[in-house]
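Chains A and B, in that order, are what the protein sequence lines are. For what it's worth, the working numbering labels the leading residue of the first sequence as 260, then goes sequentially. For what it's worth, the working numbering labels the leading residue of the second sequence as 35, then goes sequentially.
By construction, these hints were calculated from the structure, which means they are not laboratory data.
The calculated lysine-lysine pairs, modelled on DSS-like cross-linking and capped at a C-alpha distance of 30 Å, are: (1) B:K122 <-> A:K383; (2) B:K189 <-> A:K587; (3) B:K189 <-> A:K383; (4) B:K206 <-> B:K189; (5) A:K327 <-> A:K497; (6) A:K328 <-> B:K122; (7) B:K252 <-> A:K587; (8) A:K328 <-> A:K539; (9) A:K482 <-> A:K505.
Here chain A is said to cover these stretches of chain B; the calculated rule only asks that three of the stretch's residues, wherever they fall, bring their Cβ under 8 Å from a Cβ of chain A: (10) 89-95; (11) 100-106; (12) 111-124; (13) 127-133.
Note that the Cβ used here is the ideal one computed from N, Cα and C, for glycine as well.
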Amino acid sequence: MSRPRLIKESSAPLQLDKELLVRIHDLMVKTRVLEERLIQMYKQGHGYFWIGGPGEEAFNVPLGLLMKKGQGPEYDYLHAHYRQSGTLLALGEEPIGALRQMKNTASDPYSGGRNFAGHFSLRKYNVAPVSSPIEVQYSIAPGTAMVQKRVGGEGITIVTGGDAGTAEGDFASCLVWSSRPANPLPILIIVTNNKWGISTSAEGQHGEPRVSERGKAFNIRSKTINGNDPVEAYQELKEAMEYVRKERKPFLLEANVSRLYGHSSASGANYVSEEEDCLKNFEARLEQDGVLTRQQMDELRNRYTEDMAAAARIARDEPLPAPETIWKHIFAEDK
Amino acid sequence: MANMAQAIRMALHYAEENLGVTDIFGEDVGAPLGGVFTCTQGLKTTWNSPLDERGIIGAAMGIAMGGGRPVAEIQFCDYVYNTIDLLKLAGNTCWSSNGDWNLPMVVRTPVGSGIRGSIYHSHSFDATMTHIAGWKVVMPSTPLDAYGLLISACKEQNPVMFLEPKALLRVKGEERIPGEPDDDRALSKAIDAPLGDRSQWKPAWPEGLEAFAIPIGKGKLVREGSQLTVVSYGRTLPLCARAAALLADEGISVEVIDLRSLWPYDWEMIKASVQKTGRVLFVNEDTEVTNFGEHLVRRTVEELFYSLLAPPRLLAGKFIPGIGLADTLEMASVPQQNDITDALRSLAGEQP
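So here's chain B without its partners, still in its complex pose (with noise of 0.2 Å):
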């Protein structure tokens, strides 16, 4: 099975060839390197931008203003900061020109921990970007939806923000993308780029790749359960859905909800699932004051609290102003395996 940046890869050929994309761009996008997650390998419409943020996102408002259909990288999140007027008027131009301009771009930025990335590479972006209205945001936790939310990304005609969980770009996944090979070697052979010399170096693109589209704004249940829930996306949804996996021997029923999309999200599929089950713990890694998980609590309270069995719950990272390079200080920081399971396990147990 590909692994996401594969999955990414695939998924920005086929847009290219079939979708319009006209440039995939950002710093070291382009050839030699094709983007430091490897995810821009040998497509046919990238290049090296300026070391300039705000340039990228002017650039693709540019771009998509002109009839071109840009997807821009930004290195990591934390570096996108600096463009968040940028990001505002990207997301109000088609309302505040009453809907004479709309912007038909695509910004992926790798979020979150995972790779041992210190200060400036390990923020997450959910919050933030969620505040941002007029942006469809969507954060994978499998190659699958990665491939088949990029599809929808590169279909808008609006702006959006492509979180990808840096800590999953390297996992292969559990569901075989359609047209992928059957072989992960002979599929690594045709769409890695080799090491050392790569100036002659062409991908053999597989040619059965369709437009597998994941409709943005639609979750994923991941597993059913009767007695609780959790909803989580990005690098901690498999570590939810292990939870829920170890608490089963336990005699514990979780349901597992995939999020997808935060923006819009699939907000019948999460109240569904509590009414039934009555229980329900948001997870993310993002920083734990006025996080995305925050405003899941408070319209659990106003719609759902007649049917809750106990106060809803939000696991997050810490409110710190950053995650340390040493291995305590980042597990410390954002939920690990154990602070999920304990967490569930402490809900599954709460009584009114």
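With the rest of the complex left out, here is chain A (with noise of 0.2 Å):
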């Protein structure tokens, strides 16, 4: 198990290389940066709805960072669910691919212009396409995993959710499915829990303390962790990931994250500013411990402001999907 870690104190050192914290960094910066832009272009008429991820981005930059990229049971799974733009842009992902998404363009490279913003499908990386009916990926991702089991190797399958998606049976369906004694899987079962489902207030739910929790019962080895510190996100993954990796056994990580924009576009989109904004406070550190000053980081912001409008306009002036082609892709042609 992990060992308690004097960085959870706000006041302590930031326990990573420099260059490491300047990466996380940026992609933090980049990801809020993009979400706050696809909120924009809804507003604005550029894109039907909105759903996204601001606010978990301590948590979505180190998942992707930490991931084994690459396509086949050798590399590992990611079934997200569509808060995850960090984890996208942190598997290298460029934002005009969401904001082409989030304009339904035939340049999408997502869906087309078939599905929502924040509804990724990258084979080439394997991750599977995001669904819209919550947490049915946690009934498909031990597929994945037991492919993974037998083909040996260090690929894990990671599954991601909400935290009001666990009271589907999905989530029970993973907990079963992983937990076998017979064949344990390799997979990280992860759920972000922002304490709302829509407006459902997590006292409106859950009964037990911690999701996490839920994992006992199933000798899963779980933990609950704060997902707006990137420093603790990322050591925690890493340390989590190499147990799927080494023991092939499934782990159930809580993150504790926020919901900085509501649920989507149907509760509004506007900033919550009680919620606690885990970008802010990074920064905040990140200053204080002198690895970037302020100047560097407003320059930063201000560079992928002035970037995310330019590919705002270059998505805004492409053409839409040709109708004759909602017949294409309903059956895979030969390859």
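Assembly of the complex is requested from the two constituent chains, each provided in isolation within its own frame, with the hints serving as guidance.
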């Protein structure tokens, strides 16, 4: 089990290499600016619906950085949910793909204008298509983990979802199928807990003190972490992933995160000031420790804001898919 | 000749040896039972899943995503309803990802009446399944077709729903599966698991089994006729063929089409037949409201109206919540031999 760490105190020094801290910060800013641009596009009428994960950057970026990236069972599979643009950017995706998906252009690399923002699909990096029904990915993920168990190697399956969705039976299915004594699976089961399910509060749903405690009943190693701290998230994810990679057994990780802009455009997508802002907190610590200056961070944010505006202009001018393309890809053709 | 359960087993054996099938799984699919209908006895990649239909369909999707080739079983189609959104997701994965992902997976499930299965072991699934785009859907009525369609399903890059008419699983075929031994008793001894202790038993698979594939989407002209057409599949198909033979004695010539594939389906075969005969009856045992046969009737009216001598008809199951256990209730709920013969006779006699 992991050791207690001093870094949980906000005054403690940041315990990662400076280069990595800068990289995490860069991706967190890039992700935040992307999400804010997506919200702006929605509000300007350049998209029908927004859903995303501003507030989850401190967890999602380290996850993407730690994934073993590639295609096929030797690499990690990600059964993501729709709040993970930070993970995709950390995997190396460019933000214009998400902007194109928001604008429903033919050039949308994830769905060809067919699906909502945040519904990524990236076979080249084993990112399974994101679904709108919550938590169905928890039923699917054990399948890729089974193949990986059989193939051997270090590839693992990662499945993420929200705390509200743990009410769905698919979450129970995942715990059952992952922890059978005859065939435990190499799967990292993640619940990002933002304490809300649209407008259902945690108090309205959860009798269990911590979602991670549900893993105990299945003899699954489990932990709850502060997902608003990128350093803690990085270290805990690394440790959990190493356990799953080596032991070929499941791990249930609950990350407490914020929901900075509500559930989606359905709930207004306005900034929620009483939520803890992981980026603001991280920047204060980076400044305090002398890793980055305020000016450097402001310049970075301005640069990304300009880049994102330029990319959004490109996406806005691109054509929508041709109507007759509705008939494409109903079935896979011979490859 | 092999029965349908044996044919399915032999096709799965061929598929796991030659077509890359990696997992044949579901509730009670593995040893010692080998499936409640014995369709998976003795196979090498079988395993028993938790009793969780959503887990079964989800795992099949994940295995397919991971590069495996699963054949999952839902023990009775009545239990597959709680996986509808996963079936929808499996059907739209290729489309919604703009062709990025595809799911080479087969789901097998027994359907229909005929074993006195009461409310939860008698349902049909053809209307529901053909409503979910992105799947191929097949239902054989003979052991040879079951073998050939399953071989095709196991070669597919797309999800295939393989519906097994449970009333026909124990019926021997009239055609031999390529590679099947001549002696039925020898076949049974070789591949049917013994009663009692099976822990040491291993099947002796016929060596000459072939990749005999029936293309998905192609129907079968079971009997030629000139006066009317009957289109069916699954349990009701042999009843239609028998009705056609009976009516031939009365001087009524019935053409019989076994659809075999429900999606995609052989419209060209139906069209050619209806243009020849001018009369058509569609027969299945799913409930009659929003029935797959209603789609066929609609298409017939829209595309073949001026070829028709009588309104196209549908004979299907009664629109009731289930099939009651009593023999009289089951028989009254879904088309039986007399119902089909009467409907054909009536259609033949209808004059414009």
